[in-house]
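> Just so you know, the protein sequences line up as chains A and B, in that order. Going by my numbering, the first residue of the first sequence is number 13, and it counts up by one from there. Going by my numbering, the first residue of the second sequence is number 13, and it counts up by one from there.
Where hints are given, some of them may not hold.
Pairs involving identical chains hold if they fit within one copy or between any two copies, as the list cannot separate such chains.
[As the list claims (entries may be wrong)] In the DSS-like style, the derived pairs of lysine-lysine whose C-alpha atoms are separated by at most 25 Å in a straight line are:
id	residue 1	residue 2
1	K410	K314
2	K136	K314
3	K102	K192
Worth flagging that the hints you see were computed from the coordinates, not collected in a lab.
There are 2 protein chains.
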Amino acid sequence: MSTVKYLLSEEQIPRTWYNIQADLPEPAPPVLHPGTGQPIGPADLAPLFPMELIKQEVSQEREIEIPDEVREVYRQWRPTPMFRARRLEKALDTPARIYYKYEGSSPVGSHKTNTSVAQAYYNKQEGVTRITTETGAGQWGSAMAMACAFFNLECKVFMVKISYEQKPYRRGLIESFGGKIVASPSTETNAGRAILAEHPDSTGSLGIAISEAVEVAAQNEDTKYSLGSVLNHVLMHQTVIGLEAIEQFKQADDYPDIVLSSAGGGSNLAGIAFPFLGRKLRGEQDVKILAVEPAACPSLTKGKYTYDFGDTGHLTPLMKMHTLGSTFVPAGIHAGGLRYHGMGALVSHLAELGEIDAVAIDQLETFAAGVQFVRSEGILPAPESNHAVAGAIREALKCKEEGVSRAILFNLSGHGHFDVQAYLDYNAGKLEAYEYPEEEIAMALAGLPSMG
Amino acid sequence: MSTVKYLLSEEQIPRTWYNIQADLPEPAPPVLHPGTGQPIGPADLAPLFPMELIKQEVSQEREIEIPDEVREVYRQWRPTPMFRARRLEKALDTPARIYYKYEGSSPVGSHKTNTSVAQAYYNKQEGVTRITTETGAGQWGSAMAMACAFFNLECKVFMVKISYEQKPYRRGLIESFGGKIVASPSTETNAGRAILAEHPDSTGSLGIAISEAVEVAAQNEDTKYSLGSVLNHVLMHQTVIGLEAIEQFKQADDYPDIVLSSAGGGSNLAGIAFPFLGRKLRGEQDVKILAVEPAACPSLTKGKYTYDFGDTGHLTPLMKMHTLGSTFVPAGIHAGGLRYHGMGALVSHLAELGEIDAVAIDQLETFAAGVQFVRSEGILPAPESNHAVAGAIREALKCKEEGVSRAILFNLSGHGHFDVQAYLDYNAGKLEAYEYPEEEIAMALAGLPSMG
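Based on the provided sequences and hints, a complete structural model is requested.
If you want it as structure tokens, here you go:
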């Protein structure tokens with residue numbers, strides 16, 4: 013069975029990120045100050061982010077130049093390969109043409125380095141010496157720790173407690189990079205102590221870890237905060253994935269009918285899909301975009317589109333997004349990177365406009381998909397990426413039922429080398445399905461702020 | 013700091029493997045039958061290996077064609093990149109030019125797939141339905157399990173017990189591929205039961221696991237045995253690494269003064285070094301070759317060059333090699349792939365001829381090197397590969413002392429994503445140095461067979 017791989021030259025690493033804000037049919041709702049209910053300005057964000065990233069957050073320019081220093085680091089693993097999954101197609105006996113972009117080829121094994129390097133660079137440029145951040149499964153934390161090692165910045169990572177315990181390997185990697193890591197909720201912050209006072213056994217969540225990291229950055233002059241998804245500039249940094257894929261489809265002499273990815277905060281999906289969606293919005297070529305989220309944390313499919321906080325401790329501004337309620341703590345699924353109550357504002361806005369569809373899949377189906385994938389393609393997907401694999405398999409089987417051949421592109425955002433415990437549990441029949449937690453979500457939604 | 017990466021096109025994947033037997037100044041000593049003391053013939057090996065691999069084992073042809081079906085699978089990850097380690101050079105403040113070939117980019121994260129795919133292919137061609145093999149840290153076992161999944165063969169892996177316990181993640185990967193895995197020594201074979209009778213707490217070794225895998229293959233018509241290193245054909249399959257590196261050095265307009273790699277059974281070293289050494293042997297260009305082995309298992313630096321068995325249970329033919337004694341059980345270092353009592357016959361022969369130098373480095377120095385590497389280059393090396401990194405750092409510091417700039421090439425044979433426990437232990441100060449175990453080796457050597 014022939015390997016079909018699409019490679020680009022180094023010169024084809026994108027020189028600009030794609031900013032979908034330039035092509036929106038209507039602008040996304042503004043971010044609001046929780047005290048005043050008014051749109052926030054750059055000064056409100058300055059304690060947390062370097063000014064260049066704040067500018068990117070609100071920019072309406074279609075193309076934003078990637079600094080040479082960032083492209084130089086990208087060159088270690090970019091352009092990433094795109095593959096046609098021929099052996100998987102054969103195993104599914106489908107007429108579908110399945111393509112995947114493989115971001116696990118970065119040094120820490122996920123797409124997260126696309127933005128961590130950029131964020132570290134801008135912080136370094138503006139004299140920051142320490143970065144705080146949160147991490148779920150650890151993909152983001154290790155990506156940020158790597159970028160900080162490269163740019164000689166201190167890195168402090170609040171890691172969601174259940175992942176800290178389930179995934180010691182990611183912790184080992186972060187520590188090897190020289191990053192400091194603590195399980196969240198921790199006793200190091202007011203936000204962490206408040207959660208622990210109420211829930212001493214809290215397994216943590218991304219929402220809680222964000223509160224802790226934000227608090228430390230806000231209180232220290234030399235420290236800024238860095239987020240691995242959700243925000244506009246983070247989603248934009250990931251568009252190198254889709255921009256490369258567009259070029260690779262030219263090589264393939266094909267074009268995707270559907271582009272899909274797993275979705276937690278939205279950066280993975282935005283990275284592969286926004287460049288294709290931009291072409292659709294500009295009337296150049298049609299495409300269907302599909303977000304695949306965990307049944308245990310289904311913000312797009314079951315959440316409410318309203319203003320909510322980005323964190324559980326309510327330290328952030330208010331963003332209009334699909335949310336399960338910022339106090340909702342998702343079940344301990346292995347896809348820790350998808351355990352977030354909300355969806356990035358741009359993805360939410362585009363879903364509301366009908367430009368992005370979504371589906372929720374339970375953990376067992378995603379691992380079954382991952383095992384089928386590794387046996388066919390050799391690469392063990394991250395639990396987060398298994399959602400994309402499962403979505404792609406569903407779409408491929410639909411093609412088979414309907415007897416049509418569609419081109420399906422998904423983002424294999426990372427490998428699962430640090431998540432093998434999940435596979436050991438799955439192979440031993442010990443994994444839970446975790447269906448939609450209706451009551452908990454209803455309770456969290458009832459506590460939402462009223463504005464918006 | 014600029015990334016310097018040397019890439020080849022897919023058309024530059026080698027079409028032939030390089031067989032150094034064609035260029036030896038004198039032929040390597042023959043393999044002997046332990047009963048008769050006479051050289052063995054193909055019929056003696058036929059119960060264990062497909063005939064095509066037996067032919068390759070003794071071939072004197074310089075170039076052996078890589079089947080199209082094998083090249084097609086190689087194309088998923090080959091050609092692998094070669095990098096200039098600029099950030100590491102800067103951290104060491106050395107005038108040396110450090111290059112590394114990165115084989116961790118294969119789906120299972122090591123060079124081992126270069127031969128596992130070839131071996132699975134030839135077995136499949138000759139009607140074999142099941143393959144048995146051994147594995148230390150699990151790199152080889154997962155490479156073979158992947159190849160068996162691709163070629164639809166059953167795969168049974170005897171995994172050295174200490175690694176089975178230390179490295180459950182590799183086991184999870186092998187199982188995800190559908191491979192069957194058992195801790196060795198096991199109760200499934202006579203060889204395993206004999207060891208357990210004498211040493212119920214045996215941590216196992218590659219030598220013991222080989223005995224078990226060989227026994228099962230010898231007793232079952234439909235089953236053949238596959239080895240991940242040591243044998244001539246295995247070393248030859250790895251030469252794609254060095255053949256590509258030669259082309260990449262043309263891009264760099266440079267040539268290595270020294271080529272080095274970690275050495276357990278020798279396939280990693282042979283893979284990167286034999287093509288360069290062949291050029292030296294043919295009088296084309298000089299080069300220094302250096303094997304780096306663990307101080308706990310120093311076959312080249314402390315072993316005896318004599319005939320010995322390839323396994324602890326004495327089921328294999330006798331090979332003339334540098335050996336610590338086939339009953340020697342190395343300490344439980346994390347570099348499980350280097351815990352082998354002997355060195356591949358071709359590497360041993362070339363060391364005896366003065367063409368390969370060797371150095372032994374203790375575990376702590378290798379992990380210090382690995383941590384320095386990941387902080388500079390972003391890639392976490394496998395514990396085995398840390399030996400090469402440590403050797404390269406020593407050579408680079410020598411350049412600094414001497415004030416000369418030499419080009420150093422090493423093989424980063426795999427990543428350490430499945431070995432993070434070792435880094436967690438190292439970072440926590442819990443790792444042992446494991447120096448040369450003089451007495452144990454003297455005892456094992458005293459029990460060697462007398463011939464040769």
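> Confirm or reject each hint.
Hint-by-hint comparison with the structure:
1. Taking CA atoms no more than 25 Å apart as the test, K410 paired with K314 passes inside one copy only; the shortest distance there is 23 Å, against 63 Å between copies.
2. For the homomeric pair K136 and K314, neither the shortest alpha-carbon distance inside one copy (40 Å) nor that between copies (49 Å) is at most 25 Å.
3. Proximity of K102 and K192 under a CA criterion of 25 Å is satisfied inter-copy only: 24 Å between copies versus 45 Å inside one chain copy.
When each numbered hint is compared with the structure, a violation occurs for hint 2 only.
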